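Chemist: Here is how the chains run, residue by residue.
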Amino acid sequence: MRIPPVLAYVLRRIAISAVVLLGISAVAFSMAYLLPSDPVTSRYPDITNEQRAEMRRQMGLDQPLLVQYARYMQSVFAGEFGRSLGTGNSVGEDLARRIPATLELAVYGILLGTALGIPLGMVAAIRRGRPTDHLLRVVNIAIQSVPAFWLGIVLIFVLFYQLRWVPTPVGRLSPIHSPPPFFIGFYTIDGLVAGKFDVALAAARQLILPVLVLGLGVVSPLARITRAAMGESLGEDYVIFGRALGLGERQVVLGDAFRGALVPIVTTLGFVVGNVLAGAAIVETVFSWPGIGRYAVTAITTSDMAPVSTCILLVASGVALTNLLVDLSYALIDPRIRHGYGK
Amino acid sequence: MAMASETVANERMTPAPARQRPAWRAIYAGVFAGDPLGLAGVAMLAILLTVALLGPLLVTHDPILTTPGTLLPPSAEHWFGTDDFGRDVFSRTLVSLRIDFIVAGVGVTGAILIGSLIGLVCGYRGGWLDDTLMRFVDIIQSFPLILVAMVLVLAIGPSVGSIVVVTVLINIPLYARVIRGQTLAVKHLDYVDAARCSGATELGIMIRHVLPNTLNPIAIHASLNLAAAVGNVAVLSFLGIGIRPPTPDLGVMVAEGTRFLVQGAWWMSLFPGLVLSATIFSLNLLGDALESGLDPRRQER
Amino acid sequence: MSDPALFEIRDLTIESVREGSRRRIVEGMSLSVRHGEIVGLVGESGSGKSISMMASVGLAAASLDITAGEIAFAGRRFAASDREGLRSNLSHGVSLLFQNAKGALSPFLTAGAQVDRVLAGRMPKAARRREAAELFRVCGLNHADLADKYPHQISGGQAQRVAMACALATEPRLLIADEPTTALDVTTERELLRFLARLCRERDLAIVLIAHNLSLVAEYCSGLTILHAGQIVERGPLASVFAEPLHPYTRGLIAAVPDVDEPHELVPLAGSVWGGRNDIERCRFSHRCAFARPDCEAAVPPLLERAGHEVRCVLYREDAA
Numbered sequence: 001m002r003i004p005p006v007l008a009y010v011l012r013r014i015a016i017s018a019v020v021l022l023g024i025s026a027v028a029f030s031m032a033y034l035l036p037s038d039p040v041t042s043r044y045p046d047i048t049n050e051q052r053a054e055m056r057r058q059m060g061l062d063q064p065l066l067v068q069y070a071r072y073m074q075s076v077f078a079g080e081f082g083r084s085l086g087t088g089n090s091v092g093e094d095l096a097r098r099i100p101a102t103l104e105l106a107v108y109g110i111l112l113g114t115a116l117g118i119p120l121g122m123v124a125a126i127r128r129g130r131p132t133d134h135l136l137r138v139v140n141i142a143i144q145s146v147p148a149f150w151l152g153i154v155l156i157f158v159l160f161y162q163l164r165w166v167p168t169p170v171g172r173l174s175p176i177h178s179p180p181p182f183f184i185g186f187y188t189i190d191g192l193v194a195g196k197f198d199v200a201l202a203a204a205r206q207l208i209l210p211v212l213v214l215g216l217g218v219v220s221p222l223a224r225i226t227r228a229a230m231g232e233s234l235g236e237d238y239v240i241f242g243r244a245l246g247l248g249e250r251q252v253v254l255g256d257a258f259r260g261a262l263v264p265i266v267t268t269l270g271f272v273v274g275n276v277l278a279g280a281a282i283v284e285t286v287f288s289w290p291g292i293g294r295y296a297v298t299a300i301t302t303s304d305m306a307p308v309s310t311c312i313l314l315v316a317s318g319v320a321l322t323n324l325l326v327d328l329s330y331a332l333i334d335p336r337i338r339h340g341y342g343k
Numbered sequence: 001m002a003m004a005s006e007t008v009a010n011e012r013m014t015p016a017p018a019r020q021r022p023a024w025r026a027i028y029a030g031v032f033a034g035d036p037l038g039l040a041g042v043a044m045l046a047i048l049l050t051v052a053l054l055g056p057l058l059v060t061h062d063p064i065l066t067t068p069g070t071l072l073p074p075s076a077e078h079w080f081g082t083d084d085f086g087r088d089v090f091s092r093t094l095v096s097l098r099i100d101f102i103v104a105g106v107g108v109t110g111a112i113l114i115g116s117l118i119g120l121v122c123g124y125r126g127g128w129l130d131d132t133l134m135r136f137v138d139i140i141q142s143f144p145l146i147l148v149a150m151v152l153v154l155a156i157g158p159s160v161g162s163i164v165v166v167t168v169l170i171n172i173p174l175y176a177r178v179i180r181g182q183t184l185a186v187k188h189l190d191y192v193d194a195a196r197c198s199g200a201t202e203l204g205i206m207i208r209h210v211l212p213n214t215l216n217p218i219a220i221h222a223s224l225n226l227a228a229a230v231g232n233v234a235v236l237s238f239l240g241i242g243i244r245p246p247t248p249d250l251g252v253m254v255a256e257g258t259r260f261l262v263q264g265a266w267w268m269s270l271f272p273g274l275v276l277s278a279t280i281f282s283l284n285l286l287g288d289a290l291e292s293g294l295d296p297r298r299q300e301r
Numbered sequence: 001m002s003d004p005a006l007f008e009i010r011d012l013t014i015e016s017v018r019e020g021s022r023r024r025i026v027e028g029m030s031l032s033v034r035h036g037e038i039v040g041l042v043g044e045s046g047s048g049k050s051i052s053m054m055a056s057v058g059l060a061a062a063s064l065d066i067t068a069g070e071i072a073f074a075g076r077r078f079a080a081s082d083r084e085g086l087r088s089n090l091s092h093g094v095s096l097l098f099q100n101a102k103g104a105l106s107p108f109l110t111a112g113a114q115v116d117r118v119l120a121g122r123m124p125k126a127a128r129r130r131e132a133a134e135l136f137r138v139c140g141l142n143h144a145d146l147a148d149k150y151p152h153q154i155s156g157g158q159a160q161r162v163a164m165a166c167a168l169a170t171e172p173r174l175l176i177a178d179e180p181t182t183a184l185d186v187t188t189e190r191e192l193l194r195f196l197a198r199l200c201r202e203r204d205l206a207i208v209l210i211a212h213n214l215s216l217v218a219e220y221c222s223g224l225t226i227l228h229a230g231q232i233v234e235r236g237p238l239a240s241v242f243a244e245p246l247h248p249y250t251r252g253l254i255a256a257v258p259d260v261d262e263p264h265e266l267v268p269l270a271g272s273v274w275g276g277r278n279d280i281e282r283c284r285f286s287h288r289c290a291f292a293r294p295d296c297e298a299a300v301p302p303l304l305e306r307a308g309h310e311v312r313c314v315l316y317r318e319d320a321a
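These protein sequences, in sequence, are chains S, A and W.
Residue numbers for the first sequence, in this note's numbering: 1 to 343.
Residue numbers for the second sequence, in this note's numbering: 1 to 301.
Residue numbers for the third sequence, in this note's numbering: 1 to 321.
Source of the hints: derived by calculation from the structure; they are not laboratory data.
Hints may contain errors.
[Unchecked claim] Derived list of chain S stretches under chain W, where covered just means 3 residues or more per stretch with a C-beta under 8 Å from a C-beta of chain W: (1) 237 to 246; (2) 250 to 259.
[Unchecked claim] Here are the simulated distance ranges between beta carbons: (3) S:I337 <-> W:E84: 34 to 42 Å; (4) W:L269 <-> A:L129: 50 to 58 Å; (5) W:M123 <-> S:Y330: 34 to 42 Å; (6) S:I16 <-> W:P258: 54 to 62 Å; (7) W:E84 <-> A:L53: 39 to 47 Å; (8) W:L269 <-> A:W128: 50 to 58 Å; (9) S:D38 <-> A:I102: 29 to 37 Å; (10) S:R97 <-> A:G161: 36 to 44 Å; (11) A:G161 <-> S:Y330: 54 to 62 Å; (12) S:I16 <-> W:R137: 44 to 52 Å.
As the structure is a computational prediction, the values presented were derived from the model and not from experiment.
Every residue gets a Cβ at the ideal spot worked out from N, C-alpha and C, and that includes glycine.
Using the sequences plus the hints, can you model the full thing?
Modeler: Laid out in structure tokens, this is it:
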């Protein structure tokens with residue numbers, strides 16, 4: 001059987017990623033191992049030395065690093081990803097509950113950031129060097145400069161404490177609602193699918209602020225790259241020729257110039273996904289969002305090794321997967337790349 | 001800070017006969033001409049730096065002295081109000097700014113020094129050393145940096161010193177990559193080959209020709225990176241991992257303030273956050289102006 | 001014959017602002033084209049020929065300042081600075097061809113789709129495929145072979161013909177061809193020019209042929225305008241200009257062209273277009289001119305009627321004769 005070249009490429013990339021991720025897991029685990037405070041002592045400060053030694057032995061913490069890593073990896077392949085000392089559950093279980101929360105936040109955040117950033121960059125490119133461009137530049141830099149945690153707090157203070165426009169920031173859903181039955185794990189969509197529109201609406205209202213804060217973090221890099229790439233493609237001969245043929249400005253700018261700028265934009269988008277996954281740690285902490293970011297922060301501050309290394313591994317895998325998708329999308333965007341003419 | 005200014009001085013004195021090094025005035029004209037925003041960034045940064053440097057002289061109250069006047073709103077006596085321990089928020093903000101500048105500045109300077117060295121050697125030598133180090137850099141860069149920074153700070157033990165060390169560590173890959181690329185681009189230019197043929201040593205070529213060509217990208221990245229570093233230091237302390245109370249720090253102050261929002265004490269979080277944003281904003285403005293001003297493509301237009 | 005001009009540029013002046021100083025890159029440029037006529041516009045790179053023609057259809061770079069001039073096409077008049085108005089001509093009878101045809105075609109569409117989208121606003125979907133095939137045929141291309149190919153998969157000559165098919169899809173009466181053959185080899189160049197000349201005859205298509213190579217234009221044009229540093233230095237009917245080139249620049253251009261029938265010594269032109277002082281009103285060729293005299297630097301010489309055409313040179317002033 002002949003394997004189609006695209007599939008072969010994907011398989012090869014996945015194989016390479018798997019090796020890289022294995023390396024990452026080793027580094028991540030060693031880093032978690034470096035965490036200082038003894039997980040037993042920090043949880044049971046008043047126990048005797050003998051009791052502590054016994055507990056450490058039970059948890060396998062007295063074993064050499066390599067042995068502990070081997071046991072962790074065994075657990076990874078079993079889908080357990082180790083055991084969290086904080087929650088008492090397997091990390092896999094904990095994550096299964098938290099991943100949808102983070103994904104819902106991240107997906108809407110990236111959608112919002114993209115919907116703002118790309119048009120802003122396009123307008124700046126079209127108005128290059130004119131007052132609109134300068135204004136957008138300042139706005140962009142300003143957006144980029146406000147720390148997410150502080151922006152979140154200011155928004156909570158103004159829009160919740162003062163104006164009561166948004167509900168209490170207590171996470172995904174206030175306790176008066178019960179989560180909708182699982183469909184894809186996004187409460188907004190699950191609620192709609194189950195016909196529980198009040199739940200979907202309540203979930204959407206909880207999402208407003210964290211999505212806004214997370215999304216604003218995406219705006220700046222996207223607007224920047226769009227302005228630069230569109231600035232270049234707008235000067236390309238094919239754009240001028242398109243105009244010379246009397247094609248509409250929409251067709252020329254959105255069809256040709258934007259498409260010509262899409263490869264660097266998608267590359268940046270891929271890089272932004274990594275930022276969003278890491279940035280979720282902050283936004284989730286500010287908004288008490290029960291996702292993997294807050295889980296990771298708690299695990300790090302309490303020296304909970306297995307969740308720490310698993311979270312780092314998870315984000316790194318997300319980045320690797322995104323990069324693969326980005327590389328594959330090049331071929332869709334540009335027929336020259338599809339036909340191997342390079343770019 | 002001493003380390004930072006020393007580095008800059010050394011780089012300035014590096015002789016660079018191969019490249020036309022414009023005088024500072026020309027750099028100023030070339031970079032900021034027709035760019036009031038860049039100038040605004042420089043002015044803002046200068047003010048903030050002055051305030052940070054003179055911090056201890058400008059404070060109106062002892063920044064760590066607790067008083068009975070807790071949670072007082074902004075007034076003529078306490079411009080930014082007081083916190084839950086009755087400490088003056090204005091004075092604490094000034095002192096925090098100083099600490100954050102020093103931590104981020106020293107951290108980024110260290111990353112530039114070490115990262116540039118790695119990048120220069122990798123770009124110049126190539127081969128297995130380059131391959132190995134760059135793969136390693138790839139892996140590091142696919143890590144969620146904030147989480148890694150948190151783990152590292154805790155591993156070293158939370159203190160101002162460990163935040164500096166971690167700032168250095170997580171920023172090394174950036175400079176290693178940039179300088180490596182620049183080195184690769186320069187090392188086979190005709191005039192460098194010419195110098196090689198006329199008997200210049202490899203070390204001499206590195207210092208005379210390759211290094212000066214890396215100054216522009218370093219300047220651009222350093223200002224943007226410094227902005228990010230200031231933000232990251234604040235994030236770490238906000239999450240309770242970096243600088244710890246009672247040492248004043250902008251991130252710590254914002255975090256402490258959040259607990260008193262319910263009581264309406266908005267000033268505890270607002271002012272430190274504003275100063276933090278202004279600092280990052282001015283650095284980003286400067287970086288943006290440098291980026292468009294030093295862009296070689298701009299000269300063609 | 002008092003055939004009114006189809007297309008006319010009058011007194012076009014374009015300035016560029018660079019590092020704070022303004023420079024007139026086109027000054028008082030005029031050009032007139034009648035129905036079905038091929039007119040040559042010749043000058044070195046940087047002489048302003050492309051810029052003035054792009055400006056005449058509203059496509060000059062936004063950074064350029066069009067300070068004066070008027071453009072008329074098919075009875076409609078526009079201020080040269082009215083980019084929007086001028087661009088409306090592009091879907092009503094004016095079309096362009098570029099030097100770099102491969103770069104001018106959208107890299108994201110197949111050859112067939114490029115022509116199809118130009119036709120899209122003009123006829124129903126069903127008729128478009130047939131019309132596209134017909135345009136391909138007119139341009140000497142096989143629709144079945146090429147319609148599904150992307151620009152990077154075809155040759156430069158084929159790309160220029162696809163671009164031609166796109167241009168013809170707008171049903172132009174005037175075609176501005178900006179060095180359409182520069183990127184092509186000599187054989188393909190001849191073919192394409194002969195094809196353009198045929199279109200001109202069969203479809204009553206007027207063409208402005210921009211070139212830096214005088215010999216190329218000589219074979220196909222009826223009128224000739226020679227541009228140097230943004231100013232017209234000589235213009236008139238081809239025969240007259242070739243029979244008696246007056247301006248030292250025109251003579252230089254002719255001397256730089258090899259002639260198989262009458263071999264002569266090739267003399268390259270010295271100096272560069274914008275090499276002289278640009279801060280004073282002067283003859284803009286004087287810094288390269290073998291006949292330069294003090295009064296060349298005194299003022300911009302006017303265009304004078306001589307030997308059946310016009311020339312801008314102090315050598316031909318009444319009092320100097």
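Chemist: Are the hints correct? Go through all of them and say.
Modeler: Results of checking the hints against the structure:
For the segment 237 to 246 of chain S, the stated coverage by chain W holds: 9 residues have a C-beta nearer than 8 Å to a C-beta of that chain, and at least 3 were required. Closer than 8 Å: that is the beta-carbon criterion, and the segment 250 to 259 of chain S has 4 residues meeting it against chain W, so the requirement of 3 holds. For S:I337 and W:E84, the Cβ-Cβ distance of about 36 Å falls inside the hinted range of 34 to 42 Å, so the restraint holds. Range check, W:L269 to A:L129: Cβ separation about 54 Å, and the 50 to 58 Å hint holds.
For W:M123 paired with S:Y330, a C-beta distance near 35 Å keeps the hint of 34 to 42 Å intact. Between S:I16 and W:P258 the beta carbon distance is about 58 Å. The supplied range of 54 to 62 Å therefore holds. For W:E84 paired with A:L53, a C-beta distance near 55 Å fails the hint of 39 to 47 Å. Separation of W:L269 from A:W128 is about 55 Å and conforms to the stated range, judged on CB atoms against 50 to 58 Å.
Taken as a hint, the range 29 to 37 Å holds for the pair S:D38 and A:I102, whose Cβ atoms sit roughly 32 Å apart. In this structure the hint that S:R97 and A:G161 lie 36 to 44 Å apart at CB holds, the actual value being about 38 Å. Distance hint for A:G161 and S:Y330: a CB-CB separation of about 44 Å, inconsistent with the stated range 54 to 62 Å. The beta-carbon spacing between S:I16 and W:R137, approximately 50 Å, falls within the hinted interval of 44 to 52 Å.
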